[in-house]
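So the protein sequences, as listed, match chains A and B. Counting from 1, one number per residue, gives the positions in the first sequence under our numbering. Counting from 1001, one number per residue, gives the positions in the second sequence under our numbering.
These are calculated hints, taken from the structure and not from any lab test. Predicted model only: the values in this text are computed from it and were never measured. Misleading hints may appear alongside valid ones.
[Claimed, not checked] Capping the alpha-carbon separation at 27 Å, the derived lysine-lysine pairs in BS3-like fashion look like this:
1) A:137 <-> A:157
2) B:1605 <-> A:27
3) A:29 <-> B:1543
4) A:86 <-> A:294
5) A:17 <-> B:1543
6) B:1143 <-> A:29
7) B:1543 <-> B:1617
8) A:29 <-> B:1144
9) A:27 <-> B:1143
What follows is each chain in one-letter form.
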Amino acid sequence: MSYSVSLSKLLESIGAKEGSNLSVSSKDKTYIGRLMPHHDFSDGDILVIKLSSGYNVGIRIYPDSEVKVLEHSAPALKKEVAFERKEGRPNIVFIGTGGTIASGADYRTGAVRPALSASEMIALVPGITDIANISAKAMLSLFSENMNVEHWQELAKAVAEEINGGADAVMVLHGTDTMGYTAAALSFMLGDVPKPVVLVGAQRSPDRPSSDAPSNLTAAVRFCINGGAAGVFVVMHDTLGDDSFAVHTGTRVRKMHTSRRDAFESINASPIAFLDEEGTIRFTREKRAAASGKAAARTDMERSTVLLQYYPGMDPSLFEEIMMKSKGIVIAGSGLGHVSESMIPLIKKACGSGSVVVVTSQCLGGRTNLNVYNTGRDMLAAGAISVLDMLPETAYVKLMWVLANSKDAEEAKRLMMTPLAGEMGDRRTVDV
Amino acid sequence: MSERELTCGIEIHQQLDTKKLFCDCESDLRDDGYGAYYRRLRPTASEMGEMDKAALVQFQKDVGFRYQCCEGCTCLADLDEEPPHSVNEDAMDTVLTFSMMLNGRMIDEIHFMRKMAIDGSNTTGYQRTAMIATDGSIEVKGKKIGISSVCLEEDSARKVEAAGNEVLYRLDRLGIPLIEVATAPDMETPEEVMEVALRLGAILRATKRVKRGIGTIREDINISIPRGARVEIKGAQELRLLPDYVRNEMERQKMLIRIKDILNERGTKPADIIPEDVTELFSKSSSKVIKGAIEDKGKVIAVRLPGFSGVLNGDGGKLRLGSEMAQYARTRGVKGIFHSDELPNYGIEKEYVDSLREYLKLSSEDAFVICAAKEKKALDALRVSVERANYAIEGVPQETRDPLPDGTTRYSRPLPGAARMYPETDVPPMLLTEERIRRIRENLPEFPEEIEKRLVSSYGINAQQANQIVRRSRDELFVKISEGSGMPAVAATILTNTYTELEHEELDPDSIGDAQLLGLFELLKANRFSKEALPSLLREMAKGSDAEAAVGKLGLEAVGSDEAAELIAAMVKEREEFIRSKGLDAIGPLMGPVMAALRGKIDGKQANELLAEAIKKLIG
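Okay, chain A solo, but in the shape it has when bound (with noise of 0.2 Å):
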């Protein structure tokens, strides 16, 4: 809610501004105190100031009450601070997105940021200027649930050419929520990009002492600077503890949990390599190995792509319209892939209209397999094709990026079910 007509007017009649100093007289008692920005879930009526003790609170104003300007708000000083370069060693840069990593409360006046600036990104890690050339550039400042196909091209775009402009290594910091997404998107956009591009999150925001984006940010530049590996990569939290740090393949992580810092795993495949509070890398297969050379970025989708969850009572007419008007369509189907009998002259009709049906597993781990029951002999009678152990959502951004590489469905059918960036395989050991 905002303020009410009344009290924004009374505001700016006297000329208060955020940050103003303010005295608030209102049933026989003067608060003074500095004029705080109106919260979302604050009422109409209430003026919010931070008093002299540091509280604040939240007063009603009536029509009886007096209100006065004591000092108007100084701006703000920010400064851009400049980092000195140093010849042999890495450039890494930063490119900032947004999200979590990037937010936090402005202190003068309370309002949460969006975004962090360069130099903030910059100021995160304690010491990172001392190893490292570290330029950082603040591309978006969104929370990752608003990022689309359009921002992955865009990223994809900015981080071949920071490669190609000589960067050893482009960190991406992104919001959490669909970082998967786009680590997938990147991956299959960059291909076999020669250097190591890392997304990093933070599940608390750094403007809180406690924020994981600090010890995220530390282990990822070294993991850049001493990781020899090439590819896209996740890193976060592997445990609760701010000492113990994995790196995901790319086309392989989800977030798993809502709020922990360990929210990130790899599915049906091991995180790439494990980092310690010291830097250990310890690496659980082998990588590619960072080279020198030229990132392209191919970056066209076809964005008539869409990604179905299966559920029990799915009625095939309410999504007839939406699959036979699209190009591409993954199903996260039920156990090995199924859906219903009822569902499978709609999937019939879909890929007889030339559209790619891709079956995965809403169960995450594991294989899907088809020819096991009736109903998979059937979707695949019907034309619909599975893709082992692949993530839905990696199948969803992998068919978008195939549909729009390949000239037929029929060679989308054969991309799809070839690894491009390791998203997927035909071998899992008991302990993923």
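Fit chain B to the known structure of chain A by using the hints.
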């Protein structure tokens, strides 16, 4: 108007007996914890976007924290692994009730804040706190005492141990709701401080939603005297010591003012900190501290204090600047310092003192201070202690001091600056509705004086007893005992006279659990002992015995060993045939019946001896 001899305000922190403030966990303390999740807390940028350099240096030194969880009373919210839930409504109602009982002015819309604290005591790096009311008052002995503010906040985590660069905390206490009530600086005598604390305590307890027992209520005292300075004594837990803390602090400040006058009269100037390595001079000293330090590759370092002689320890121990300096020095990790006013002593003979004075070229008005430790530590300790000495020329420093069990205090740290507080964006503001205020007003609990009247009319005790019982918040206990035993007069005497006697003996009768006391009255009701024995039994129980054990111990005195021997002899006689067949082996099987007959009146060892004697006598 004559100047007040004392200006004093207090702040009380009282734990509430509800679930935790921002999650659904129980608010109990546990003996054990599990897990040890490692965390670091990073200083955040200030309002101007700049980092606190000292705090950043601390962070870069790799200081980290580990957090233990506890069954039932910790969850992801405590570990800062999920956002805070909605504020606990019971806790909110309790603080609103309390504020209303103080006639405070409620804040119209309540905003939770983050009070920054990166010492690890909060997993988040801040304490959540909200101001609930201002401008209340209470009346104590006919005088109005202002209440500046009432806040609702979270308690911090408990420190379990600190080792090296890590501190281990247990999360059971973190998040327990606390009412923080701050008075205006309206108190003028040590006794008044006690009365105000008692009155606030009684009103807090009157809400029936506060925790009881040691550690559940903590007092901070703000004290200053004319020409003195504001000093905060933080975290006092024993109410009865409050007047002592105030009195001793007044004396300490008066003493420091006297020292200031002496130094000013002498024209003493701040001493330059010029450390002199005098290790060589002390190489043959027999002082344990000095020998130990030198063996540990440490040094003996001295600093001159020109014009400070006689105030470090003088006038028969009444001037004690030296001990103030030592308290500062100890915050730097040394065991202590030696100064010229206390030497020769502690194994440092006169010849060493004389040669040191000569070496430092000191006149009779000059003093010196020495420290024996690793060089860096010693220099650091000497620097802060000489700075402390120099401040004596200006007067009393503003300080935070720790309360000690003997009623004195010890330097802890400088008074903190204004707290850094930012909005808690995870908790939405809460509009205080008319309806909620009405509901709380209509359900206000009895005020202490109303409880007193009820006790008098319902239980027939006298007004003075009722007053004392309520003032010490023992009314609920009194009612329980009276209802259970039907002996209100006895209960009243116990909770007033007897408890006061025990307190005079330095025992804490409130440490006897309610259940134990109720149990004792059960035993009384069952005629296990006479009511005359109650004071002695309670004395035992205040020392830690449970009711049964106390009765056992005391019962023995009452029964006497002769009586017990007679009873045992009779029992032996009854089983003569069995005993003759078994001899001394009969002791084992007979112990059961003997203990049953004498339960609580004699201990097992003695029963065994008496039984053996009786058997020997029988079988010859």
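Okay, the hints, checked on the actual structure:
no., hint, verdict
1, A:137 <-> A:157, "14 Å, holds"
2, B:1605 <-> A:27, "75 Å, violated"
3, A:29 <-> B:1543, "52 Å, violated"
4, A:86 <-> A:294, "23 Å, holds"
5, A:17 <-> B:1543, "63 Å, violated"
6, B:1143 <-> A:29, "23 Å, holds"
7, B:1543 <-> B:1617, "39 Å, violated"
8, A:29 <-> B:1144, "19 Å, holds"
9, A:27 <-> B:1143, "26 Å, holds"
Violated hints, listed in ascending order, are 2, 3, 5 and 7; each of the other numbered hints is respected by the structure.
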